[in-house]
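Two chains, each in its own frame: build the complex with the hints.
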Amino acid sequence: MQKSKHTPLTDQIVQQAIAWRICFESGNAQSKDLDEYQRWRLADPLHELAWQRIELLESTFSNATQKSASIVHSTLQKTDRDIQSMSRRQALKKIAGTTLSLASVSWLADEQGAWQYLNADYATTNQRELFTLADNSQLWLNSGSTVELNFNNQNKRIHLTRGEMQYTGSVSTQPLQIKLNHGVLISDSKQFFVRHEDDHALVKVMQGNIVVQQPNSLRTNQVMNAGALYKITSNSVQQLDNHIFDYSSWTEGLLSVRNMPIKHFLAELSRYHRGFVKCAPSLDDYLISGVFQLNDTNLILTTLARTARAKVHYMTRWWAEIRP
Amino acid sequence: MTSNTANSVGFNTLYQEHHEWLVRWIARRTYSTDSAQDLAQDTFMRLLNKPSLYSEIRSPRAWLTKVAGNLVTDDIRRKILEKNYVAFLESMPETAYFSPEEQFQLLRLLEQIDRLLSGLRPIEKTAFLMVRLDGLSYKEVAKQLDVSLSSIEKYIAKAMFGCYTLTYSD
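Going down the list, the sequences are from chains A and B.
Per my numbering, residue 44 is the first one in the first sequence, and the count goes up by one each step.
Per my numbering, residue 10 is the first one in the second sequence, and the count goes up by one each step.
So that you can see chain B by itself, here it is in the shape it has in the complex (with noise of 0.2 Å):
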């Protein structure tokens, strides 16, 4: 059998035995099946580009639900930012008159930013946003902080690292 041939099998039989216990899984703790469906299929998807992982699980359902977890604490991290999104555009005068295009657009863009600062402190995360979006410097950041110039620095580099794994990795 060559190494495809294997990992096929191996992914077919995973999804046979675990696929439907998963969809359940996942439906008991979003009350929904319908999202347990697309979510059980992401997980399985992430399977699917690592094939060298197949071998390496030991326990499917502990792996798969781990990563069904993640996706599913994703998913809702989407929705209540979306959420945020539409109220704050409403009450915002300089968005009220992009159009819907602009606001969509707008709120992909969101979404992009939040997943590349996933992993970061509060404090780092708000250093950040206060540089990259506020526009302040350093300095002013350092003393609305009350920390040291050398931990915003140090705040700003773990940002922009996460940022480039993150966009990079794989």
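So here's chain A without its partners, still in its complex pose (with noise of 0.2 Å):
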């Protein structure tokens, strides 16, 4: 609503509109309330204008009821959740000392994220990030991604708790262990890519074995070539077609693909583009191929849109659409 110069009102006659309204909405009202409302009204032209305004206001709610209330009401509710846990969660990063902020975090925000991000010995929020780690090796995050290691002179262990990464080993001959949600790899792989989600792992071996120790398998020790992709969840790894994704393209800060259904493609880019992307349903099978820069996701939607014949429409700031 514009704030135009409105006639002012006193609190007391908004006030008193007010509880006008309540009178009849609450059930309570009797038929001496109905006269003595009708002479409040005409007692004073301001009354009618007060009467009017908070009518005017109801309106709102009444269009938004009209449309879809359960879609309104369930996201002003989700978004107070979602802003409650963000605030408790800043007052638990400033106890561990760590310097994230609010709007940091905000794309990712998720309940178990907090924990994830203040145990990291190695966090990336926004941006992806190389660590080079105590024994020389080479540590790739990609954005919203943490770590834990344990190092030491008998073992190295890597956590994968959040995100992905891609790890180049150094000279050192002492075996490395990474820990996933479904299993432990060992590796003497000099380099390796890793994707954590919540029920399954990705794992890219570029040189090098690792072997997989799955406590829930029938199977143990299973070994995962060079050169292959697999998924592992809690009990089984499977091989998976290689050729479509390059999972580990964004260290070279490109997406690289080949025939990929465009939906599967947004969901790879919602990574690193920052807003939503909606795709119409026509066209989410609609496959892509090509390697594609980093720096400007706008213009990855605007060459995606135009091999789609189709557009990309920006109906705000954060939240694009690509459609005929």
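Simulated from the structure, these hints should not be mistaken for laboratory data.
It should be emphasised that the depicted structure is a prediction, and the values quoted were computed from it without experimental measurement.
Careful: at least some of the hints might be erroneous.
[To be verified] Selected chain A positions facing chain B (in silico; Cβ < 8 Å):
#: 1; residue: L326
#: 2; residue: Y329
#: 3; residue: V355
#: 4; residue: M358
#: 5; residue: W361
[Unchecked claim] Computed beta-carbon distance windows for the label pairs:
#: 6; chain 1: A; residue 1: N71; chain 2: B; residue 2: D51; range: 25 to 35 Å
#: 7; chain 1: B; residue 1: G144; chain 2: A; residue 2: R301; range: 46 to 56 Å
#: 8; chain 1: A; residue 1: T103; chain 2: B; residue 2: R67; range: 54 to 64 Å
#: 9; chain 1: A; residue 1: Q109; chain 2: B; residue 2: D51; range: 24 to 34 Å
[Said to hold, decoys possible] Only pairs whose alpha carbons sit at most 27 Å apart, straight line, appear in this in silico DSS-like list of lysine-lysine:
#: 10; chain 1: A; residue 1: K75; chain 2: B; residue 2: K163
#: 11; chain 1: A; residue 1: K306; chain 2: A; residue 2: K321
#: 12; chain 1: A; residue 1: K306; chain 2: A; residue 2: K274
#: 13; chain 1: A; residue 1: K110; chain 2: A; residue 2: K121
#: 14; chain 1: B; residue 1: K148; chain 2: A; residue 2: K75
#: 15; chain 1: B; residue 1: K152; chain 2: A; residue 2: K121
#: 16; chain 1: B; residue 1: K148; chain 2: A; residue 2: K110
#: 17; chain 1: B; residue 1: K75; chain 2: B; residue 2: K152
#: 18; chain 1: A; residue 1: K354; chain 2: A; residue 2: K306
#: 19; chain 1: B; residue 1: K167; chain 2: A; residue 2: K110
#: 20; chain 1: B; residue 1: K152; chain 2: B; residue 2: K163
#: 21; chain 1: A; residue 1: K274; chain 2: A; residue 2: K222
#: 22; chain 1: A; residue 1: K274; chain 2: A; residue 2: K233
#: 23; chain 1: A; residue 1: K321; chain 2: A; residue 2: K354
#: 24; chain 1: B; residue 1: K148; chain 2: A; residue 2: K121
#: 25; chain 1: A; residue 1: K354; chain 2: A; residue 2: K121
#: 26; chain 1: B; residue 1: K59; chain 2: B; residue 2: K75
#: 27; chain 1: B; residue 1: K148; chain 2: B; residue 2: K163
#: 28; chain 1: B; residue 1: K167; chain 2: A; residue 2: K75
#: 29; chain 1: B; residue 1: K167; chain 2: B; residue 2: K148
#: 30; chain 1: B; residue 1: K163; chain 2: A; residue 2: K121
#: 31; chain 1: A; residue 1: K121; chain 2: B; residue 2: K59
Note that CB positions come from ideal geometry on N, CA and C, so glycine has one too.
Structure (structure tokens):
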């Protein structure tokens, strides 16, 4: 609503109008109340004005009810809960002495994120970053990622708790263990990639071998070979098609895909794009191929749209839709 | 000097002295320089509309960071609201057939409602939404929230007064 120059009304008059409204809404009104209300309303043009304004405000809500009360109510409630949990985490962050700001995790906000960030030895929020570890190996973390490290004389352990990483080993001879939700990887690999998801992990081995140890699996010590892509769940290790999407090209600032459905591509892009992207259902399975630069995701959207003979519509600065 | 000239001199001085600093202050907290530019502009716009403030502000940076901090919080809240809206849109049957324009208008409506209800305690907001959106009677809401009917009347009154103030002040 525009804030034009309105006739000012005193709080008292406004509250009287509200009180009358509530009187009739609460279900307790008597017939004498109706008489008194009508007298009040006629007594002063400002009373009438107050009443009209209160009615007008209500139309906003009846508008919402007509369209979809449940989505309005659910969205408001979920937003309140998200804000509350973020405020709690701010308090936690102060205690832990970290410097992550409220806004930096807003796109990635979820309940569990807080604990991973608090416990992380290395973490990223909005940007990917390359870290050099104590043994001179190199660890790439994509945005929104956290790892905990345990390096001592006997062992080197990396626990990927969130997001994804690419590890490039140095000449050290110590075996490396990577702890995931659904198993432990024992690696003599010089280079590999791991992605953490709640219910599975993806592993791509670039050089060397990795053995998977899983407490729940009947098969022990499965070997994952160089050049292949694997999906690890609580009770299985499956090989996936390695040619559709390059899971580690982000380390070079690129997204590289071949014949990937646009909806999957957008899911991958969402990690890098600030804002939300929706795609018209008719385009969902359109296959995308190409190598894209990650430094300009809006340009990627434009290119995608063009190849699908569609356009990018920006509903707001943060909400893009690809449709014909 | 007329008061208008004095005011515009005051504003320009403040802007020159503090604008860059404010952009950096916001950028550090939001990890983003482009939204920091926008938010800094919005902060100064607030000042532009209140010429009487220039002489009253004792510590410009304290005032600026307070206003900017609120704008950052509002901005974050709007983004989360939009994120949640988009997620719910996909999962609710009744909105699955909305045209893009309808989806957009409903988002604007949502933002408006969210702004109108800011400043309410959770129970006040819940009671109000149960009456206005879910169409429950005051008695039913009182029963579900386990409070008295007069409490519900107080919550609704507060919510309505809040909506009025946000719409008609200034």
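When the structure is checked against the list of hints, which entries are broken? Sort them ascending.
1, 2, 3, 6, 8, 17, 25, 31
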